[in-house]
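J.: Chains A and B are the protein sequences, given in the same order. Here the first sequence is numbered in the numbering used here, starting from 1 and rising by one per residue. Here the second sequence is numbered in the numbering used here, starting from 1001 and rising by one per residue.
Simulated from the structure, these hints should not be mistaken for laboratory data. Please note that the accuracy of each hint is not assured.
List of simulated lysine-lysine pairs, BS3-like, C-alpha gap at most 30 angstroms [claimed, not checked]:
1) B/K1039 - B/K1182
2) A/K150 - B/K1014
3) A/K21 - A/K69
4) A/K147 - B/K1214
5) A/K69 - A/K113
6) B/K1014 - B/K1039
7) B/K1049 - A/K71
8) A/K66 - B/K1207
9) B/K1049 - A/K172
10) B/K1197 - B/K1182
11) B/K1207 - A/K150
12) B/K1049 - A/K69
13) B/K1014 - A/K172
14) A/K150 - A/K21
15) A/K71 - A/K172
16) A/K66 - B/K1039
17) A/K6 - A/K125
18) B/K1049 - A/K66
19) B/K1200 - B/K1214
20) B/K1014 - A/K6
21) A/K172 - A/K150
22) B/K1039 - A/K69
23) B/K1207 - A/K146
24) A/K125 - A/K144
25) A/K172 - B/K1200
Quantities reported herein were computed from a predicted structural model and do not represent experimental measurements.
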Amino acid sequence: MHLTQKLELFPDHIVTQMLFKAVTNAAELRQSAVEGKINGALINPTMLVSPFQVLVAANKAVHLQKIGKMKTRSLNSEIIFNLSPTNNISEAFRRFGVSDGDNSVLVVLVHSKDDLQLLSDVSAKVDGRQVPVEDVSSLSDIAKIKKLYKVTLQEEACGTLLDAVVCRMATKDVM
Amino acid sequence: MALQEYLSGAELLKQGAEARVYRVEFLGRPTIVKERFPKRYRHPLLDEKLTHRRTVQEVRSILRCRRAGIATPVVYFVNYNSHCIFLEDIVGSLTVRDHIASTQQSGSCPEVELGHLAERVGQILARMHDEDVIHGDLTTSNMLLQLSAEDGDSNLVLIDFGLSYISALPEDKGVDLYVLEKAFLSTHPNTEVLFEKLLKSYAASSKKSPAVIKKLDEVRLRGRKRSMVG
């Protein structure tokens, strides 16, 4: 169900993703996240193309945290910010973070070793049905993603949408 | 440092004067890591500035090319501290240089096949120059042919944008082509006709080509590698 990936560059860090559909308490979740009560990042899955996109954002966030160069205040908010193609933090939260009316949410947790307790703690807080993370591609709003990331027509011909998105995420700071 | 440990366990593909290239697995994907290591023969401040600039230029040019529809490896992650670029590993590819060499030796109809390839290269370079991207190090070793499994068609991927920059000047584009011509003819003997095909295809595909070709002719006559403008 959930997807786990070790961060090769940061041996003690593991990234776990959990996807939930039919979520009814999005507003409550968002409030808890803002208050720092949830030790994970809550992402709007309609803006995601693939779990790999989240991994890239998480990896960059951990890297920046380690060298003390995060743009936002916490690791979880940094993950959300890294998904965005722009450098405007509030815009990133608005578009990629979970909103009150959302009925699906992807939870990202960065933790050490296999902390199954953490996973069940978080999934207990979500009022929804957990589904395999790979399902996220069925929730993608392709048109919105193309528009937000400003993917050109020629670009789509030479690679996948995921390629375009990841490339922008990785190069955002120097463009 | 975790990065050094990670790289010491990785497969070193090549070491050049500029950077070391490793093959690794990153976030579950086959990845190439290009590490621009510190050059001790340079003044440290200068080295840092140069290395950082080259890293940034490479990354910018890759994105700019992608936006124009030119196939390049996808950038996954950049570490600006250690000047490492984590790029997509183009699996199942060989350099155009190796392809030309092997086709010339064993191919059934080398002229036809290589002719098609030359045309495609000309088209891609035309598109790149129309985007005002100067590659800076055009050689057949910096072009990859990825054989696609499904339809047997191959993808032409440009790599190594370390010396690239943005310029609209026909001189710079002409010099870019001149660099390729020199590299091409010295690496692959008896390929003048092939290169002509490449240039013809370039001229046909680029809107701004007449000025560029004119400059190329001038540079050839002068025999210089750098245009002294201003």
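J.: Failing hints, ascending?
T.: Violated hints (numbers, rising): 2, 3, 4, 8, 25; every other hint is consistent with the structure.
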